[in-house]
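Working from the sequences, and respecting the hints, build out all of it.
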Amino acid sequence: MAEQNDKILVGVIGGSGLYHLDNLTFVRKVEVETPWGKPSSPITISSLPDGSQVAFISRHGAAHTITPSEVPARANIAALKHLGVRAIVAFSAVGSLREEIAPGHFVIPDQIIDRTKGIRPDTYFRGEGLVVHSMFGEPFSRQLNRFIAPKVKEILDKEGVSVHTDKTVVCMEGEFRRLASMEMHDSDFGERKAVNKAKAIKRARRDRATN
Numbered sequence: 001m002a003e004q005n006d007k008i009l010v011g012v013i014g015g016s017g018l019y020h021l022d023n024l025t026f027v028r029k030v031e032v033e034t035p036w037g038k039p040s041s042p043i044t045i046s047s048l049p050d051g052s053q054v055a056f057i058s059r060h061g062a063a064h065t066i067t068p069s070e071v072p073a074r075a076n077i078a079a080l081k082h083l084g085v086r087a088i089v090a091f092s093a094v095g096s097l098r099e100e101i102a103p104g105h106f107v108i109p110d111q112i113i114d115r116t117k118g119i120r121p122d123t124y125f126r127g128e129g130l131v132v133h134s135m136f137g138e139p140f141s142r143q144l145n146r147f148i149a150p151k152v153k154e155i156l157d158k159e160g161v162s163v164h165t166d167k168t169v170v171c172m173e174g175e176f177r178r179l180a181s182m183e184m185h186d187s188d189f190g191e192r193k194a195v196n197k198a199k200a201i202k203r204a205r206r207d208r209a210t211n
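Take the sequence shown: its letter number 90 is residue 90 in UniProt numbering, and every next letter is one higher.
No lab work stands behind these hints, which were simulated from the structure alone.
What you are looking at is a predicted structure, and each value in this text was computed from that prediction instead of being measured.
Note that the Cβ used here is the ideal one computed from N, Cα and C, for glycine as well.
Worth double-checking, as some hints may not be accurate.
[As the list claims (entries may be wrong)] Calculated pairs, DSBU-like style, for lysine-lysine (alpha carbon to alpha carbon, straight line, at most 35 Å):
#, residue 1, residue 2
1, K158, K7
2, K81, K29
3, K151, K167
4, K81, K38
5, K81, K153
6, K81, K151
7, K38, K7
8, K158, K29
9, K81, K167
10, K7, K153
11, K167, K117
12, K158, K38
13, K167, K38
14, K81, K7
15, K29, K153
16, K153, K167
17, K151, K38
18, K117, K38
[To be verified] So the derived label-pair ranges between C-beta atoms look like this:
#, residue 1, residue 2, range
19, D50, V163, 19 to 27 Å
20, S16, A87, 19 to 27 Å
21, D114, R28, 13 to 21 Å
22, T25, D114, 32 to 40 Å
23, V161, R28, 30 to 38 Å
24, F136, A102, 24 to 32 Å
This is how it looks when you write it as structure tokens:
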């Protein structure tokens with residue numbers, strides 16, 4: 001486990017295609033066991049040039065062996081919190097419902113529509129005899145978005161990659177394979193679709209509520 005002076009304040013959850021962080025100095029790998037099981041992968045601790053440390057989890061496992069419905073999101077969030085992480089940056093490879101958001105574009109959303117079906121656990125507290133209310137009006141941190149967005153844009157502009165902000169994610173399980181579903185949610189103003197994000201965000205919010 002991390003020592004208190006390690007100052008691992010930022011956690012990164014990599015989605016499909018992002019299985020490690022480049023250009024950082026490897027520090028160590030950490031195996032974490034939580035009350036909700038093990039996270040998707042061992043947690044890789046890496047160091048930035050200024051000495052700050054970052055914790056990385058591969059959402060679908062190091063070899064992409066974990067399906068979206070099997071991602072242990074509660075364990076992922078709990079493991080990062082145990083290491084002292086205070087902010088999580090999560091990446092997802094998703095589709096778009098807007099022509100102006102083309103394949104290869106980068107989106108930093110500020111809202112999410114949860115259309116998942118309750119197949120996966122969505123709370124730490126069910127069956128625990130404890131009622132916890134956590135705010136979800138702003139599912140993404142405005143402060144973190146404001147900090148990240150200009151830095152991401154500066155880097156990706158050099159690569160010719162468009163960056164979009166203030167967008168909405170529609171999160172659901174499998175339904176977007178049907179044309180009728182895409183047309184319905186397109187009319188409902190969803191700009192991106194994602195499978196795992198809503199549950200993980202809710203768990204992170206509820207985890208923070210226990211602090």
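Task: Pair hint K153 and K167, alpha-carbon separation not exceeding 35 Å - done: holds, 15 Å
Open item on the list: For K167 and K117, compute the direct alpha-carbon distance and say whether it is at most 35 Å.
Closed with: holds, 22 Å
Open item on the list: Holds or violated: K158 and K29, Cα atoms, limit 35 Å.
Closed with: holds, 32 Å
Task: Given hint K167 paired with K151 - CA-CA distance at most 35 Å - done: Roughly 18 Å between the alpha carbons, so the hint for K151 and K167 holds.
TODO: Quickly compare the C-alpha distance for K151 and K38 to 35 Å and report which way the hint goes.
DONE: holds, 33 Å
Open item on the list: For K81 and K38, compute the direct alpha-carbon distance and say whether it is at most 35 Å.
Closed with: Holds, at about 13 Å.
Task: 35 Å limit on alpha-carbon distance, applied to hinted pair K117 and K38 - done: Holds, because 24 Å separates the two Cα atoms, which is no more than 35 Å.
Open item on the list: Hint check: K38 vs K7, CA-CA at most 35 Å. Holds or violated?
Closed with: Roughly 22 Å separates the two Cα atoms, so the pair holds.
Open item on the list: So if I understand the rule, the pair passes when the alpha-carbon distance is 35 Å or less; does K81 with K151 pass?
Closed with: holds, 25 Å
Open item on the list: K158 and K38 were given as a pair; does the straight-line alpha-carbon distance stay at or below 35 Å?
Closed with: violated, 38 Å
Open item on the list: Run the distance test for K81 versus K29: straight-line Cα separation, threshold 35 Å.
Closed with: The hint holds at about 16 Å.
Task: Range agreement (Cβ of D114 with Cβ of T25, hint 32 to 40 Å) - done: holds, 37 Å
Against the hints set out earlier in the document, violations occur for numbers 12 and 21.
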